[in-house]
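Engineer: Protein chains in written order, with our numbering: chain A, 956 to 1205; chain B, 956 to 1205; chain C, 956 to 1205; chain D, 956 to 1205.
If you're looking for bench data, these hints aren't it; they were derived computationally from the structure. Think of the CB as a built atom: it goes at the ideal place given N, C-alpha and C, for glycine as much as any other residue. Any given hint could be a false lead.
What the hints assert, rightly or not - Restraint-style ranges between C-beta atoms, simulated for each label pair:
hint : chain 1 : residue 1 : chain 2 : residue 2 : range
1    : C       : 1119      : A       : 1061      : 55 to 65 angstroms
2    : B       : 1008      : D       : 1119      : 38 to 48 angstroms
3    : D       : 1093      : C       : 981       : 47 to 57 angstroms
4    : D       : 1089      : C       : 1091      : 37 to 47 angstroms
What the hints assert, rightly or not - Simulated coverage check for chain C against chain D, where a stretch passes if three residues somewhere in it have a Cβ under 8 angstroms from a Cβ of chain D:
hint : region
5    : 989-1002
6    : 1007-1014
7    : 1021-1032
4 protein chains.
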Amino acid sequence: MTERQERPARRGTKKTGSEGEHPAPLGRALVAELFGTWLLTFASLGAALLAHLGLLPEVAAAALTPALVVLTMIYALSDVSGAHINPVVTLAFALRGAFSWKRVLPYWGAQFAGAITAALLLRAFAPLPPVREHLPSAGAALLEAACTAVLLAVILATAHRDARLKPSVGLAVGATVGLDHFLSSPVSAVTMNPAKTFGPALVAGHLAQAWPHLLGSVLGALAALLLTWATHGPLNRAEHEAAAGNGGQG
Amino acid sequence: MTERQERPARRGTKKTGSEGEHPAPLGRALVAELFGTWLLTFASLGAALLAHLGLLPEVAAAALTPALVVLTMIYALSDVSGAHINPVVTLAFALRGAFSWKRVLPYWGAQFAGAITAALLLRAFAPLPPVREHLPSAGAALLEAACTAVLLAVILATAHRDARLKPSVGLAVGATVGLDHFLSSPVSAVTMNPAKTFGPALVAGHLAQAWPHLLGSVLGALAALLLTWATHGPLNRAEHEAAAGNGGQG
Amino acid sequence: MTERQERPARRGTKKTGSEGEHPAPLGRALVAELFGTWLLTFASLGAALLAHLGLLPEVAAAALTPALVVLTMIYALSDVSGAHINPVVTLAFALRGAFSWKRVLPYWGAQFAGAITAALLLRAFAPLPPVREHLPSAGAALLEAACTAVLLAVILATAHRDARLKPSVGLAVGATVGLDHFLSSPVSAVTMNPAKTFGPALVAGHLAQAWPHLLGSVLGALAALLLTWATHGPLNRAEHEAAAGNGGQG
Amino acid sequence: MTERQERPARRGTKKTGSEGEHPAPLGRALVAELFGTWLLTFASLGAALLAHLGLLPEVAAAALTPALVVLTMIYALSDVSGAHINPVVTLAFALRGAFSWKRVLPYWGAQFAGAITAALLLRAFAPLPPVREHLPSAGAALLEAACTAVLLAVILATAHRDARLKPSVGLAVGATVGLDHFLSSPVSAVTMNPAKTFGPALVAGHLAQAWPHLLGSVLGALAALLLTWATHGPLNRAEHEAAAGNGGQG
């Protein structure tokens, strides 16, 4: 690995902030995060309800729905907001140094608002689907952490890679979401996403049962940061653009 | 976001029309739209008939068939006509300013002709499959609008992005078509496409039941335009090429 | 469409032959065609046998197997031989002017040899699976022609497009193969490939039943040539490289 | 094929080693190989256990899980280590001349350590799933060799191709893994990966039954080298980068 590559990106640019060359306007980014997280949560809850009613195959609904939402939202929104649609993705990019801490709270606000709105909207039309949890709390937290670690490792690694790989990022991240849900959904309510856990739990009044997944996803994100540091080393410029969008330039 | 990027594309080019640098010849574009919409409608009706006869799994037939047709038609025809194969895609690109209004009526003619021909052709060989609608009219219109809004938001957003993302457009849009049908087909006859609703309904004599889907898809397209304006701002040059083709240059 | 783009490729190059800038050596191309067609036929027969024994889901075996073989062979072999692995693909490229007629017979030899070898090899281990044909001859020929026309239209259109779309060609063509088999396999033994029809029929002694599919696939290829002429116009340089490989340069 | 293209890569560069222009640091590469092989083995064992318990569809678990792991690991790790996560991939790249022999033993160590750790970790939580083997030893070795040959042929061929195809490598190789497992898993415990066979067999105490798969995967790799030599000829520079990573430059 060359020196040029290893040098932290901030020193390699003329910008003083850490948002990269072309940060997207914050207002647009927040609309994108709100919409993306809303869609992710609403579609996943809808699929779970249809599966609960016997109208969709259980595992296909649980794995395919979030995988396809994440895949398409990355292609549709990553230029505007980085398409995090997940509070631990925002956290990991900020801890990695690729995303401005000033934007973390607004992003979290948009993400949790999107997930809560999705749960409220579905409940306006139909009962929320039951949460299927077959593991004890420690097991659920551990599985959540493992699944989140794999997802975040793929997100951070593909963000680190250069522009030639861009057409594959949505496919790679969407496939990881699908894989994680395919393997975890038969035994636990893993979301790899605190907003997607919190919103429906708040609306359904099940917040007490949600903590293993809230805790697990944060621990998983920290594990992924360690792994990424071990495999890819420090931050590079590509991560800035992946984390914060590039102002609509692709 | 830089000034250069934000400036409406029309002022940034030397062309006076709004079809971008290399509009495809209209005749070729109409053949492409006619064929694409015919294939989309014929394959979807065929799959529904096979599923009705117990020869294909219901949800797989309803979701996979249009997803694969849209994916492949985008790769095969987007250079020639933009591969709309859907009247509300044409409408949305025109309202967005990316597609010449002079071409809207011819495109619509080709699209509706393709869908009607598909229904007539299938009926020449076999009975048309029954329409499965489990929602009241208002619910069907609302679900149609929501699914169409998501699809059009992905189409407009990926059209806005630069050429590096091109190899992913068919995948992203096809995945959205699959997701929308996967979640809606168990409860409603959502098409996200007025031609695909109208053609079979006309041939089967069920036009009176089609209005919620015709209305919903137009409302969904308008919602997607609002969302795209909020996330991506005004028109850029990439949208012109995506909407109108580029004369066979990729 | 600009003059430069429309001009037949042959005049635009310094080469006198019609194989494009970097034709692959014929020997390597024939190994690639033999291997690819062998794998396509062997895997499809194997999947049909496993499905017949109840070890694989019928439609998944029939649609997914050839789709994945075609997808991967295009990425692995298209630089060496164009990855036709199908006599009507070779025929269509030759009729289109993108592929040297001198190479057509050798290609056909390699393709038929691959398919026959695959059937012989499978029969050495297990009985060949029965052919499922629920249509009368005329219907089988018509469905074969329609499916082949769609496949060849996608192949010719993506071959026509520029290098930026290259990473998508395997996906687009593989998806079309999967779609065609998904919709046709419940009712007919459609292959869209005379070698894949002929090899197993010869080895099983069912040649008399194979003619609707042999005839249909040729008619479908001719229909696709007409459609491609109507949508994309005359030959361009990209088609030469797609048809004949480019000597290992990608 | 031009002279420039055919010339062995080593002479075309200024480097004296055979690791290409930007070999990744060995430490990082070993972490990547350890993690990737661990994930591949752990996820596959987990999926097999869930399928054994009736919680996942058998064939989907067996085919989709390793396909998605391989797809995502290639996008996440190929810049760091080449994303072999398989001892016969390392062997084949070394025999091909694309990968330094000095790195082979460390890579093998990381890969076997990853697979053994995965089996130990799963056994700490649950019993290891039973190995489903319906073929006699010779048949299992032959099927393993055939599946591995196809996989390695795709890996070596896509490694040989130029950078434009890069966004497709994960898709192509992942699809081949899925196809091979889809067709072999109903009858034999094919892994195409000696580490993935050895680790669980060691931990479960079934090493005596593992030899057909260990032997078969090595024979398959040799067959793929022969085929690649016949179709693509000698080593080129793209293979160096694909085999050894490129120091985080994409």
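Engineer: Broken hints, numbered, in rising order?
Structural biologist: 1 and 3
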